[in-house]
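> Mind docking chain B on chain A? Use the hints.
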Amino acid sequence: MLWILFYSFGYKPDLYHSIATDRLSLGQYKLAASSTFFQTFMGTLRISLTGTALCFLIGFPFAYWLSVRVPPSRRPIFLALILIPFWTNFLVRTIGWRILLAPSGIFAGVLHFLGLHSTALEVLDTRGAVQLGVVYNYLPLMILPLYVALDRLDPGLREASKDLGAGRVRTLFKVTIPLVSPGIIAGLLLVFIPLSGDFITATVLGGAKGNMAGRMIYDQFLVAQNWALGSAMAVVLILLIAAVVLFFGLIAIVGRHIIRYRRRVELAIAV
Amino acid sequence: MKEAPKITRILASEEFAHRFSRRSILLGSAVGVISGGLLLAGCSTSKSPKAGELSSAAPKPSPIESKLNMYNWAQYDDPNLVTAFTSAFGPAVQIDVYSSNEEMIAKLSAAKGTSGYDLVIPSGTYIPQMIKNGLLEKFDKAQLPNLAKVEPALLGRSWDPTNDYSICKDWGTTGYMYDTKVIKRPMLTWQDFIDAAQHEASGKVSVLDSPPEVAAIYFWAKGFYWATEVKAELDAAEKFLVDDFASHIKAFDSYPGIKLAQGGYALSELWNGDARQGLLASKNPERYKWVLPTPRTELWMDNWAIAAGVKNPVAAHAWINFILDPVNAFTDMQYTGYNTGIMGNEEKAKAAKLEYLDLIFFTPAQIATMDTGEINSAQARLVEMYSKTKAKAG
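In order, the protein sequences belong to chains A and B.
Residue numbering for the first sequence follows our numbering, starting at 13 and increasing by one per position.
Residue numbering for the second sequence follows our numbering, starting at 86 and increasing by one per position.
Possibly wrong hints are sitting among the right ones.
Stated by the list, open to error - Pairs of lysine-lysine, DSSO-like flavour, derived with a Cα cap of 30 Å:
| id | chain 1 | residue 1 | chain 2 | residue 2 |
| --- | --- | --- | --- | --- |
| 1 | B | Lys152 | B | Lys234 |
| 2 | B | Lys324 | A | Lys42 |
| 3 | B | Lys307 | B | Lys197 |
| 4 | B | Lys473 | A | Lys42 |
| 5 | B | Lys217 | B | Lys396 |
| 6 | B | Lys223 | B | Lys396 |
| 7 | B | Lys473 | B | Lys307 |
| 8 | B | Lys266 | B | Lys152 |
| 9 | A | Lys42 | B | Lys396 |
Derived from the structure by calculation, the hints contain no laboratory data.
Next comes chain B alone, as it looks inside the complex:
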């Protein structure tokens, strides 16, 4: 559900610049993430010597093409894995980046199967329409034995019940984080978020740079379905956002975690992986508190999919199977901070003593409060109210 721009962190500077990635740069936090000997383990799995092991797990498909063109979110996969893939299987991997689902879809629809891209990573809710518009190619599941390694709960989601076109790349949720020096009361719900934004945190609030997730703050707080198509609810959301909320917003920022942890915001709506990055980068993380708000919130999932008109189908399947391998998936999870949804990730993370596990893994009770939403007739309206909110905030 991330049609918002995803900015890459450039330099070591502030929050500008994450227009491309869901994962901001590692910063010093990487050292914390990959602790101790795990660093070695993580690295060695992604280097070619060990890649032999991988190919035994997944027999090298042949004949394989010499190239693989990926159209991906920026910095969304560990570059070591890309190198390891090339040395194990052969294809040179070329990665182009996009910053929103819309951008990727626009490019694929305009090219009508001649985009030259083999792999794309759409968010789940966009998939049904992409299939309907003929933008995706069916998987050849015989080439994807590692599909069996994916957590069953992540298979057969509503957008692709048989996983014929897509498989989970990783998933996450939306919550908020706040500075306990500014907001001293307990915070639990989205209504608390709104209330604090209008009072003690006014003018120091950031919200995601994404139309549905800005409007969703209101829907979640009210307990409405956040992909509602009911006109009265949309009208109420617009009125609230433009008249009562916009003036308190400091920035529309899809990657506020680190800036929040440096005092740039007092309250930020953010994704769990970004909150974790902020905490890992902070000198006094106990000052900031992550909240998975009630009553409802989001579950988003990004998915590997093969673009229509794929030129290098064998390489594309080989990559998906490679990245679904439990060892590689765990490496990739450490890189992005988002759960890649492969069985055993949580146990490995506990064994490796990764920090802030509660920001990567969620209990079944928590997951039950998350909705994936959907792309529907309200989309244009959401974009319009988001544009108005932005104009009004300025």
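Just chain A, with the same shape it has in the complex:
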């Protein structure tokens, strides 16, 4: 980390050396934050925020269903179904989508058969393909902490809520979600942070259109061999991720205080 920070103030002296630090400057940051590259950073945040939200929207109902509705004896089967693809190499899993989404691939065939889509499928090498890929790749990281949190939640608490007159929705929002919030936070962070730095999905599925910051950094280190610019970009990405996490963290804390404050008022009236 410190090396990256240090390198980010350096420069690329010539073709034969990747880094020099005898003259330190902020030049690389100026370049990394220039409008052309910044566009990619913003695109990355859009993909990672949408991806995290989608993972949550898919992962939470699934984890809830798995821990509440599925009998304990069958749960290992479903967990295995989630985990086994996860054991496969990340790259291979992602390349699999290339085959599925190919212009004349399986998905195109199914859509064509259903009469939904007649021309060649044009999903590959777009932002949409990257979005799909990251949701697929990071979904298990969302489901697992949510499942653990939900599984540990005593079913008696939900029953108690029901007995005290709360409906399903109210129980979900007033009892279940607050109690599993550590799991939710863990899931969100586990998905958001690595997703923001992902470069494989973007490289495999994104073509020129679905570029992500992780890939841009990869290119600077390994293709352009410009470690200084790559380091500066990495630092910018870290700062952006930290800013987003802080921003949502603050919202969560403020939100919680507001809710508590309002509830306290309710209680006071009730007493």
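The following block gives chain B in isolation, referenced to the frame of chain A:
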């Protein structure tokens, strides 16, 4: 001139993955390449029984080391040749792969002669600086009698006029291929490429994943020298690429041939060997058309060279001499689809009825339109505009 990543084709899937090799996997095309009895001939030359013939042509050097460490582009030599070499001469061959000249150079410079590699395969334009930085060892030409088999035109190139450090491994050029169902007009020049990319092929265009060759599209179209150092020309190229061209690009792909031939792109900048692979793999090759564009284009050459601090010099020389042998060089050419530059290759290829010979061999008039370019002060600038183009395309 290929500092771009060269991806290996993994699986039988689409274009991802050729980050390592100039030669994508054989696929079914190999069957087409190595037609009929040639298959047998090609194989038998690379098996040990016949290797006896080879050693008579090149007396077995002794004493030879037991190992040979090669730092090469992936899948850049026929594995049968490697096996044949080991059984004929003894050294076990260990091959590590790199995906760009920069990567290889960075490793060699960092190791300062202790990299442990004996052989490397730099592209021509990188050689002068490598020599200057002491990264290469001089050949002992007495151990390389087969240097005499190399086409004279490929000897004494500007980067190593006396071939003291390097000898042609193979060479090729850059052009483009397009889908005639999408682009119906005749295509001849780089300006046609740009124009079609901005119109009927917009959003279905791939360009090489290589900084100089992306910028070169503009330089070639304008008739500028593609290794120009003139600031105004570089500025104009950057403006064109970032503002007028990036948004039409679908992918930066160094091996688009097969994907193009499957309908993945409508227009691709590519190397001749890759275009040929695409045509060989295509079910209806007449739909796709290769263009060696005017007015100017590239001639790149990869070269055998011995790394400084070589541990197994005798084995390294033996390998180079072995691969320059006309029979072996022809086998290797069939494997990669790039001309290994040994005299007699073209006649043999005609006799063997290889397909798409015009994608391996070029006429003197065509070769006269090709420049090798050079590595110069513009390099950093080219990389920067390439990064910007990539960011802008996304």
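> Now, for every hint given, state plainly whether the structure supports it.
How the hints compare with the structure:
no., hint, result
1, Lys152/B / Lys234/B, "26 Å, holds"
2, Lys324/B / Lys42/A, "19 Å, holds"
3, Lys307/B / Lys197/B, "41 Å, violated"
4, Lys473/B / Lys42/A, "14 Å, holds"
5, Lys217/B / Lys396/B, "21 Å, holds"
6, Lys223/B / Lys396/B, "14 Å, holds"
7, Lys473/B / Lys307/B, "21 Å, holds"
8, Lys266/B / Lys152/B, "52 Å, violated"
9, Lys42/A / Lys396/B, "45 Å, violated"
Checked against the numbered hints listed earlier, the structure breaks hints 3, 8, 9; every other hint is satisfied.
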